[in-house]
Amino acid sequence: MRMITFARRCAKEIIRDPLNLAFGLGFPLVLLLLLSTLQANIPVNLFEINTLTPGITVFGLSFMTLFSATLIARDRETAFLQRLYTTPLTAFDFIIGYMLPILPIAIGQTVICYLSAIPLGLDVRINILYAIIGIIPMAVFNIALGLLFGSILGIKQVGGICGALLTNLSAWLSGVWFDLNLVGGFFEKLAYALPFVHAVELEKALFSGNFETAAAHIVPIAIYSIVATATAVLCFLRQVKKQ
Amino acid sequence: MSAIKTYGLVKQYKKNIAVDKLNIEIRKGELFALLGVNGAGKTTAIKMLSCLTKPTEGDAVVCGYSITREADKIKQLIGVSPQETAVAPNLSVRENLELICGIHGFSKDKTTAKIAELSEQFDLNDVLKRKAGKLSGGWQRRVSIAMALISEPEILFLDEPTLGLDVIARYGLWDVIRTLKGRITIILTTHYMEEAEELSDRIGIMKNGRLLATGTAEELKTIAKADSFEKAFVSIVKEDLV
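Note that the protein sequences, when read in sequence, are chains A and B. Numbering (my numbering) for the first sequence: 24 to 266. Numbering (my numbering) for the second sequence: 18 to 259.
Next up, chain A with everything else stripped away, as it sits in the complex:
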């Protein structure tokens, strides 16, 4: 009950911030619209809506990291978290309370992306549902990163690391904007060593009903999610102790 109360508060803080809405929802939708318009005017198949939409949903998740990290860093920098540390809330309540409310926001963002892509030509099929469910492991990874960065960085650093660096990493190393095979070499190896491209491939595979390929890509994402969550929990507990 205590944890749910705290989680509800975190959800309200995020949803009521207009910047969060603008970046978390508006930015992916604008990209979807712009790139679809671009695709309509170029002869090559670069941003075809059926492959672009799964990629955009993964890119949109990087904002979940920004949301959670900003909230935690702000709570740390103001004395709000300090106040809550003097209440009966436990470390478990804090961790789940911070992570839990962002998951439905991430799923909501994915649903809106897919729904918005339908008028732009996305094929309507049951696989959209699988793709929406398939976003969860990567969403957990991004939310855990938020908990991690929010626990160790200040609010300004969070803006730089999560707002600029992570969104760019997620964009360039995910294969959303270009085929990674075209670049090849170290860049391609690096991309495949990170979870972003696997998440995009997983989404594409689920959307197109290629479940064998999906199963292959879910493994690295799951590993990254577990490691990120464990590290985030340790860092959060460390900063609680430091307080």
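Treat each hint with caution, since some may be false.
What the hints assert, rightly or not - Derived pair list, reagent style DSBU-like, types lysine-lysine, alpha-carbon separation capped at 35 Å:
no.	chain 1	residue 1	chain 2	residue 2
1	B	K125	A	K264
2	B	K148	A	K264
3	B	K148	A	K179
4	B	K151	A	K179
5	A	K35	B	K151
6	A	K264	B	K224
7	A	K35	B	K125
8	B	K242	B	K38
9	B	K224	B	K242
10	B	K146	B	K125
11	B	K71	B	K198
12	B	K22	A	K264
13	B	K148	B	K127
14	A	K264	B	K151
15	B	K248	B	K224
16	B	K248	B	K32
17	B	K224	A	K179
18	B	K224	A	K265
19	B	K71	A	K264
20	B	K255	B	K71
21	A	K265	B	K22
22	B	K148	A	K265
23	B	K31	A	K265
24	A	K264	B	K198
25	A	K264	B	K127
26	B	K32	A	K179
27	B	K127	B	K45
28	B	K90	B	K148
29	B	K127	B	K198
No lab work stands behind these hints: they were computed from the structure.
With chain A held as given, fit chain B onto it using these hints.
Relative to the frame of chain A, chain B by itself:
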């Protein structure tokens, strides 16, 4: 009967000793002020007593429980209003109050009754629907103290409650604190001498982590042989009179 008793509390950060062998006893129902210049160790002392940070050495008994061994029990019995803004900015004042009620496991009826009581006591009825982050500093402190009182604590810690407030807001907050006097034990840190003199039953003067003197404002004036409390404070701090 003592609400708080400390036994040689020490807090050391690397080579810096923030609090050095603090021994105080605060009586139940008393308003005790820890007065000192910046860096005197007041906030660190409060952080230890409210179980936010563990002492490097020593112990303290708060409401009958040890801060080193029984922090969970103490947390049920204290309220803390930290030095900086400690409200959820995007939540309304009512939602902030509801949040703390929820964290303390209040029922819906008890939450409604508690919010009505505190809104009356702190004059919050007109701002209940406003976002806490949009309120002035004075009103945010008011809300912050109200939040600290929700759990009906036996001890209330107020860390620099009027820091940075204009004189009107400060006087308003003093009135609020006066209404609480005698009902619960209050530990207040401040570096405003007039605040300590005006509000406190007893005052402890701290410098460089050490408690230099304790007593009523009158007693401290006598110790320092000064005709005003300000002169007494300066004299005690400058000459380390104990």
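Inset, instruction - Find the hints from earlier in the document that the structure breaks and name them by number, from lowest to highest. - result: Result: no hint breaks.
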